[in-house]
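Q: Here is how the chains run, residue by residue.
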Amino acid sequence: MISNELQTAITRRALLSQSGCGIGATALSTLLSDNRVQGATMFGTGPAKRVIYLFQSGAPSQFELFDHKPKLEELHGTELPAEFFEGQRQTGMTAAQKKQVCRSIYQFRNHGDSAAEISENLPHLASVADDLCIIRSMQTQAINHDPAITFFQTGFQQAGRPSMGAWISYGLGSENSDLPAYVVMISEGSAKRDSQALYDRLWGNGFLPSAHQGVKFRASGDPVLYLSNPAGVSSAQRRDILDLSNALNQQHYDRLGDPETLARIRQAELAFRMQTSVPDLMDTSGEPQHVFDLYGENARIPGTYAANCLLARRLAEQGVRFIQLYHRGWDQHGDLPRDLPLQCGDIDQPSAGLITDLKQRGMLEETLVIWGGEFGRTVYAQGGLNMERYGRDHHPRCFSMWMAGGGIRNGMTWGQTDDFSFNVVENPVHVYDLHATMLHCLGVDHERLTFKFQGRHYRLTDVHGRVIEELLA
Amino acid sequence: MNSPLRNLPLRKSPDRSWHRVTLFLLATCSVIRPAQAAEELSFNRDIRPILSEKCFHCHGPDSVSREADLRLDTETGLRSVTTADGTNVAELLRRITHQDPDQVMPPPDSGWELTAAEMERLQLWIRQGAAWQQHWAFLPPVRPTPPEISGVVHVRNPVDQFIVARLAAAGLKPAAPADRTTLIRRVTFDLTGLPPTPADVDAFLQDDSPQAWERVVDRLLASPQYGERMATIWLDAARYADSHGYSLDRRRVMWPWRDWVISAFNQNLPFDQFTVEQIAGDLLPDATIAQQVATGFNRNHPIQSEGGVIDEEYRVETVVDRVETTAAVFLGLTLGCARCHDHKYDPVSQKDFYQFYALFNNVPETAHVGNRDNDADKPMLQAASVLQQTQISHLQELITAAEAALQQQQTVQLPPVETVWIDDELPAGANAFGNGGGPQEFRFVGSDAAPVLSGKRVSQRASDGRGQHGFEGAQPLTIPAGTKLFTWVYLDSDNPPQEIMLQFNGPNGWEHRAWWGKNLIEWGTDGSSSRLPMGPLPDTGKWVRLEVDAAAVGLTPGSQITGWAFTQYDGLVRWDKSGIVSTPVSPAAARLHELRAELQTLQQDLPTVMVMAELSPRRPTHILTRGQYDQPSSVEVQPQLPEVLGVLTPSHPDRQHADRLSLAQWLVSEQNPLTARVTVNRLWQMCFGAGLVSTPEDFGSQGTLPTHPELLDWLATEFVRSGWDTRAMLRLLLTSATYRQSSEITQEHLAVDPRNQLLSRSARFRLPAEMLRDNALSVSDLLESRIGGPSVLPYQPPGLWDDVVYGNVPRFQQDHGWKLYRRSLYTYWKRSVPPPNLQILDAPSREACVLQRSRTNTPLTSLVLMNDPTFVEAARCLAERALREVTGDDEQRVRWLFRVTTSRVPNDRELQLLLAAVQHSRERYLADPQAAEQLMTVGESAWDQQLECTEIAAFSSICSALLNTDEVISRN
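Quick note, the sequences are listed as chains F and B, same order.
Using the numbering used here, the first residue of the first sequence is number 13, and each one after it goes up by one.
Using the numbering used here, the first residue of the second sequence is number 471, and each one after it goes up by one.
Wrong hints could be hidden among the right ones.
Label-pair distances were calculated between CB atoms; the ranges are [said to hold, decoys possible]:
hint, chain 1, residue 1, chain 2, residue 2, range
1, F, 189, B, 1389, 32 to 38 Å
2, B, 889, F, 255, 46 to 52 Å
3, B, 1269, F, 97, 41 to 47 Å
4, F, 96, B, 581, 35 to 41 Å
By construction, these hints were calculated from the structure, which means they are not laboratory data.
Yeah, the Cβ is synthetic: ideal placement off N, Cα and C, and Gly gets one too.
With the hints as extra help, turn the sequences into a complete structure.
A: Okay, here's the thing in structure tokens:
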């Protein structure tokens, strides 16, 4: 068959190593997406088969969650020594103000055999501490939300590069021909403050073929845009319309012989299948009570973080390669004591529940779970030192994240920050390193996953990044 | 001096080397073929790609990462290792073939490796004398003589001579011409972005003059839709959008620039002038408003508005964006790569980058806009666009006529008419909300809980700070001339508010507000129609009627509101009966009122468009260390070209340094080898699906080589010779036999020219997003053809903006009426949420310059074409047309539909399929007439009640299938 001839003519390996022939060529893009569906790949022998990335948008404070700073009790109210600021960037919001050191009002305890230090805000996560690998020495470059999230997602602060999920879809393909390889779900934080924008480009394909862009599954309306038939068109009627258009397409193919026409028939059929498979997947009503006990009753409310965590597990079961949740509302410039516990209430049980659920199903070993925001927060309070209403500004030089499963060592806390959690003093992990390590767990060499665009071989990690071996199981 | 391209051996010995040519073309995309003993190698074709890919990274233009002080990208550098007499050659050969991983080049840890074939080529090239050539694109194009072709009928103009010669060498013949129907459909889409009408097709089929084709091409080139089509491509290149991008991503006004582009193409402004005006129109002597508007090209970049940002950081990004966009669009160079370090592959140093950067670094801008809609960054210009100017004079004429008409009539004063919109219930379709202080919902209470003025209940809210309830998305309420909006309010005596505000959701979203009391709610612009002061709070403890003049809050006659919000600051407030009251006027008076209002709006809202300007004295430019805004080095540079391209001179004797005008003039001068090539390549891409250089954004050493280098140079010189006449160039391409080939794919094509790089057939590809939507609107007669003006917000799924906008940034407010059916290039482009249906069909986000869109074929494409209300409504209206305009039976209607959608006549098999489907679909809808009625409600255009809705529904399905077929959605 002609399409097979074309397919074999252009192997995936050739595409990955040299794709400067113009990604716009129609047949080529189809071949790419076909390969994706078939899962043909040159990579993928790592322990992790997929990633569930729990992005905490707005940047949670490390001081109140994972980076216990007892020294601040005595330093509270003192001014942060000026040498910290030499050559350092500050946002326009606090550049001019006095930098008064601010303690955390929350208690920390050691948890599990690993004695991980976790604050009282996260009791459920504390109960699975031995499954976590907590990194307290994360570093990034950007100091404002937009560039920082963009940097986390794409390895570059300016828009236009492919997102990590798109890279992974491109490198590994999908395991399920009825679903996209990269799925995104968004939830609102209970802090209900005006939260940062999350745009489609954050899960965009950049210069990769657009088949690799993240597809947002939505909690209200169509779970995938334009998925439902219009009013007055039943599924049977849609079947008829498709049959007619497929038959006409077949006629057209017989006349012109373009394999693209056959691909169009296949994609229309896939769309038709998605009309059933996606709503089925989004319908969690058949999940037993003990599952909801794990994730919390909020998991019954569509669009919540808890519901999305449960969906993430269902998507993982279906072989979706990169599942990314965004939870908004973590930008506590003020009113942290009021809002941070609300945010923690949103994510604590569902995140822990997800880990437990995956573990019970024997999926944690092959699923890399990552939790974290786009940067950290400052040791000094923004505005005054009012302990009922204090908040913290943006801080890129250190912050905390955790990972679990998927080839990552569990029961470990990695990295040290100074007494002010201002600088990393031991074992820094840059965003590039996190990307490299994540790809490594998936069996992908971050230096080899490249795409040639505008004359250059681009990588998620640009010219940086190293796999942090100590984090690996 | 000959162009190095002319030295390619493949043309020196056509008889022997044609087979190799083909192989080479196939090989450029995958692997380098092994060298054959007898062949003569060309540096540019055979060697530079190997060096560029495998060696330049460490032995190339970048001085910082250069190893062993050896560079292989210059002749001198290469000579140091390739002179045939010295030991150097031995060393080079030894290193690339070495078995020891510590010795071999490239080193194994670089990730690069020479293949056996590449090594053989390098060796052969050295044996042949190691001739060096400057990179082809940096040498000026030299006009070649088109190859002689004998005895071939397929040659209609010189384009064909180049194409046919190359095909013949590969043992291929051009494809037969496509049939006339396919041809007119192809060229109509290519030149106007719209399908031909059956009448257009008939006229062409019946025209048997030898000039029939040329006549079609000329007609299309002269149509106003040509400018829209050309502009659509240019908008991608210029990253045009209707919002600022980044986090707030509020509305901006750059559409006058977009209209300038449409008009420039429609006037066939020569491309050199088109270039000069966009790069430096403001610096031309006595620059006109239009020439200044043209410079908006370099103000289409995103602009920050996030609170905490450091302005200088984003000002630098802005200038970098200009450099990258200008270089990609006009030079086909990826200069951005040299921002942080010398370019890895092309001879562009970091200093070169900042010299070029300095040309764009002298704009008196802040690079930060405020949190307001339509806010513009300096420099800006309030200007009626070319098209608005026409609109204004047209309106003035209409007003004079309407005044005369009114004088003929006697006026009778009629009593005012009150329309109650809200009383006990919300209007149909309303989505209620409540937020801020107080209940998070729209709460009605009965007389047991509050005093009631009218009906049985009132809405009530006790708020701490700002709180409000209201609704949006209601069925529109039209505001006639002379309208006042009214409401009844009861302020609690014990707990009065500090401020109350009414907000109306109208043509400008929620930006229609009136307030009483203390000015505490900060939305809108104080004192304007978006925040109109009404005076002190009304008395407490009783019902008071409030009235707001609709025009004063920006609701001009004829505008519509779909939402209303009752807002307060503190206190306990109740609201009752609300609506509008208007004084009826005679139709003539209403018309006059409407026209005057329209003129007033037009004149009031003359858009503020961002333009370029120069700062004096100049802002110094320093090389930024690692490209960081906060790490300027001590090295100051002056505005200048990258050295490899040449030298700019000041544009005026009084000026000390080169400026943007110098650049603009150089771009279109004979000294510049790139702009004409890059431009004709893009025009070629538009007509043939892919460029002769398939990387339109990169003509550098990492870009692909031209498939037909001589043709590219011939076209480039022809373009300049014609006076940069874009229309003439398109006419040349479109009247070639090459363009007119059939797109049928044979086994031979797949074997010899699978990617169609030899143009052995016509390209076939899915139509771009805009054309798919415009096609549906066109065949269904929904298309609104007016040109230019503010962008519009047609249907999109609800809630998309909610994840993106926050704070007081307006939510999506769908337009109605004719604005739903404008051509897609007028769709409001919000960078953070581009129009979803177009985006799924591969339209870019417009955050950065795009010169080539991807064309994907995914399930989402199918979902959009089947389920997007735009396409469903179009299918329904097309079905209505068939039922209304065609008398006869199913067969006649089906034939007509097929003709309208595909431009051709169905064959028997197709006809059978369609007729069976109609019958089947009819039976379904007759069995379920309710479903048919539901289908009629998709889209806002009313369905034709004269027709049976089951019939419309039955035919709608057929139309939907047709609008989805590969034939209809492809350029064949």
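Q: Each hint should be assessed against the structure and marked as holding or not.
A: Consistency of the hints with the structure:
1. F:189 <-> B:1389: 32 to 38 Å: 34 Å, holds
2. B:889 <-> F:255: 46 to 52 Å: 49 Å, holds
3. B:1269 <-> F:97: 41 to 47 Å: Hint holds: Cβ distance 42 Å, inside 41 to 47 Å.
4. F:96 <-> B:581: 35 to 41 Å: Given range 35 to 41 Å: holds, Cβ gap about 39 Å.
Violated hints for the displayed structure: none, as all numbered hints are satisfied.
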